[in-house]
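Chemist: So the chains spell out like this:
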Amino acid sequence: MAKNITTWSGTVLGLHKTPRSFLPMKSFGSLLLLAGIGIEGDRHATGEAFHSDRPEEGRQITLFEEETIEALLRDHNIKLKPEDHRRNITTRDVPLNHLVGKRFKVGDAVLEATRLSTPCRHIEQITGLELFNQLTNRSGLNAKIIVGGEIFVGDTIKLV
Amino acid sequence: MRSKIHSVTTQIKSITEDLNNVKIFTLSDPEGWPLPNFKPGAHLDVYLQSGLIRQYSLCGDHKNVSQYKIAVQKEKNGRGGSNEMHSLKEGMILPVSLPRDHFPLAKASRHIFIAGGIGITPFLSMLPELIREKVDWELHVCAKSETEIACHSLLKSYEKNINFFKHLSNNETRLSMNSVISKISCDEHLYCCGPASMINDAVKTGISLGDRLHFEKFGFDDDLNDAAYQIILKKSGRVIQVPKGQTMLGALRIADIKVPASCEGGICLECKTRFFEGSPIHRDLAMQPDDRSRFLTPCVSSCASESIELDL
Numbered sequence: 001m002a003k004n005i006t007t008w009s010g011t012v013l014g015l016h017k018t019p020r021s022f023l024p025m026k027s028f029g030s031l032l033l034l035a036g037i038g039i040e041g042d043r044h045a046t047g048e049a050f051h052s053d054r055p056e057e058g059r060q061i062t063l064f065e066e067e068t069i070e071a072l073l074r075d076h077n078i079k080l081k082p083e084d085h086r087r088n089i090t091t092r093d094v095p096l097n098h099l100v101g102k103r104f105k106v107g108d109a110v111l112e113a114t115r116l117s118t119p120c121r122h123i124e125q126i127t128g129l130e131l132f133n134q135l136t137n138r139s140g141l142n143a144k145i146i147v148g149g150e151i152f153v154g155d156t157i158k159l160v
Numbered sequence: 001m002r003s004k005i006h007s008v009t010t011q012i013k014s015i016t017e018d019l020n021n022v023k024i025f026t027l028s029d030p031e032g033w034p035l036p037n038f039k040p041g042a043h044l045d046v047y048l049q050s051g052l053i054r055q056y057s058l059c060g061d062h063k064n065v066s067q068y069k070i071a072v073q074k075e076k077n078g079r080g081g082s083n084e085m086h087s088l089k090e091g092m093i094l095p096v097s098l099p100r101d102h103f104p105l106a107k108a109s110r111h112i113f114i115a116g117g118i119g120i121t122p123f124l125s126m127l128p129e130l131i132r133e134k135v136d137w138e139l140h141v142c143a144k145s146e147t148e149i150a151c152h153s154l155l156k157s158y159e160k161n162i163n164f165f166k167h168l169s170n171n172e173t174r175l176s177m178n179s180v181i182s183k184i185s186c187d188e189h190l191y192c193c194g195p196a197s198m199i200n201d202a203v204k205t206g207i208s209l210g211d212r213l214h215f216e217k218f219g220f221d222d223d224l225n226d227a228a229y230q231i232i233l234k235k236s237g238r239v240i241q242v243p244k245g246q247t248m249l250g251a252l253r254i255a256d257i258k259v260p261a262s263c264e265g266g267i268c269l270e271c272k273t274r275f276f277e278g279s280p281i282h283r284d285l286a287m288q289p290d291d292r293s294r295f296l297t298p299c300v301s302s303c304a305s306e307s308i309e310l311d312l
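Taken in sequence, the protein lines are chains B and F.
Taking the numbering used here, the leading residue of the first sequence gets 1, the next gets one more, and so forth.
Taking the numbering used here, the leading residue of the second sequence gets 1, the next gets one more, and so forth.
What the hints contain is simulated information worked out from the structure, not anything from laboratory work.
Just to be clear, a hint being listed does not mean it is correct.
Said to hold, decoys possible - Quick list of in silico lysine-lysine cross-link-like pairs, DSS-like style, CA-CA up to 30 Å:
1. F:Lys244 to F:Lys234
2. F:Lys244 to F:Lys76
3. F:Lys160 to B:Lys26
4. B:Lys81 to F:Lys244
5. F:Lys13 to B:Lys26
6. B:Lys81 to F:Lys39
7. F:Lys234 to B:Lys26
8. F:Lys74 to F:Lys134
9. B:Lys81 to F:Lys134
To be verified - In silico negatives: residues of chain F with every beta carbon more than 10 Å from chain B:
10. Ile15
11. Glu17
12. Asn20
13. Lys23
14. Asn37
15. Met92
16. Arg132
17. Val135
18. Leu168
19. Arg174
20. Lys183
21. Gln230
22. Arg274
23. Ile281
24. Ala286
Every residue gets a Cβ at the ideal spot worked out from N, C-alpha and C, and that includes glycine.
Only chain F is shown next, with the shape it has when bound in the complex:
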């Protein structure tokens, strides 16, 4: 677990249960001191007792630094983080990172948000800022049914806004990515947060938007279509096969190579590994551009060449 002095110490002030297995945690300093500032769209790394590190978007107004709000949906087949979060109690100490700003608001005349499931959370910190600054926005919330909309209680105040649209797949109001994207003008930006399939759809449909398309993916991308390749371990000389559909980290684990890893989503950089030969496909969200010429994150990165040599 991260040492107290190398993390932001927060205390769980309240936990409220929302619909659809979502719990909303309100965190504050144990003595009420202001917390570090954050920008709309930022997230926290949460350092769990088990050693896991998990990322959760801040979903409160960034002007209120007396508290952080995060929403966590319990995933039945997740990697353990959400279950551990759901076992926490009010009053417990929860160490977190400084807020990280990987999904910022751009400068635009209008912002269009598409949220799938719990992917609504980063937008909940963006909307108060846009409303305060009188900047136009449009929010599309996608869920299977009305009761499966995440963060119901935090969305209530926006529901009557004419720019709020619900898309429910059980009543044929499913989102048409094309109809949203085709109406976006050249000084407007699109933000998408949700499961990998939704992001992939947005990226494919919105290719003409270029850098006006912003997305934050969560969960494991099960759409791994990269070709098979080999990992060559420089120190031992071993060669490990990575079949199609397998992550680099997964292949290393099967070969009993121990690589420290935590978030397994390309954010915490715990698994950051030096490479020498080969062409990695970087899918992390956090490495400095300069680092990408020397390091990769085996949890999400893949390989475009036939083999890649790692410093292992």
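Only chain B is shown next, with the shape it has when bound in the complex:
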């Protein structure tokens, strides 16, 4: 029987937020995570996100793999920048699709993955890039914040 051994440890490559729907995401060196709420100053925390008319406890913070950015460029010649995918944390070496239902640490904060993010025409509308189909099954991860605190670019991501 296979043992449940974690063999991965990832890194925070980028942190982004925006206060309202449609506005560009800005890059930050750190973000303040508020347990059970969201990121201080981010649209998911203030109810000003595009999807805030369908509130969802599990969408307090979102993550996206840098490996997907690389694959879009390599396989489809789509140049997606970290601020374009509109998720809050850009990760490296983190198997986001395998984390649903699990708790993991980002720096000292603890997140619980609730569901996979799904591709969204809203991103196409904002970026002008046709990437809906290309983001199928690799559109990132939604999570809620179990333990808040300040997280930083370069923080380690690992299972609790």
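Assemble the complex: chain B is given as a structure, and chain F must be docked to it using the hints.
Modeler: Chain F alone, transformed into the frame defined by chain B:
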């Protein structure tokens, strides 16, 4: 009114009055966050409190995303949008759409612009880009008189340029479309924005330019010469006559058929309606090409066949 989260929230930072009933609005994010990018020639849909949606070209430099500038001329006999815009005050919140890029700059060695009245606005976002990129341009501004040139204050910095030409109909410097178009070489593009009569003249005179002629029309095209036709309403079986000179939307309204419509200029697609039989003449500026085989916009579209069947 469009919900806050489904629009770009802007605040009116300043309103300056220009000549000829034009007000220039400077919009920015209420907290100074950068606004979404736009390309030269883009426009915004403005969502007014009354429910009207109106389109205004962005007339600032696209490199400055801390603010949007739009210019609005008050139309005495307009459809209400410009009057409502002119009643707005500094500090008010004004929801707008993402910038829409229906009138982009093409790749060309030289760009020739012809602006009629308030039609100068899209070119005001194109000129800074061309000057920065050192691409040749030529601007023809047409008005009845000197004082009726729209956006005087925004044009000031270009007026001394040797490529800037004023055409005033009160002093016999009226634009000759033919003299401008005949000098356009094969790697140059012509852009025209203004009233329907000016666009129709450019289209007729510049037919040889093919896809090197770009135009953006504003206001209602009163040159409707389409033949009369019938609308057949599939759901009710009613037949409505559309006489020559009448819009499809107008005929539906007279028959008391309620079709939601807002811009009435073929841009917002609020009135987009499915059709089944018939040959529509599409005049919208926004529908995806694929959609045109199934939908039409009754506010501007017409019909080339004797009748058209709508999903109403």
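Chemist: Are any of the numbered hints broken by this structure? If so, which, sorted upward?
Modeler: Going through the list in order, the structure violates hints 3, 4, 7, 8, 14 and respects the others.
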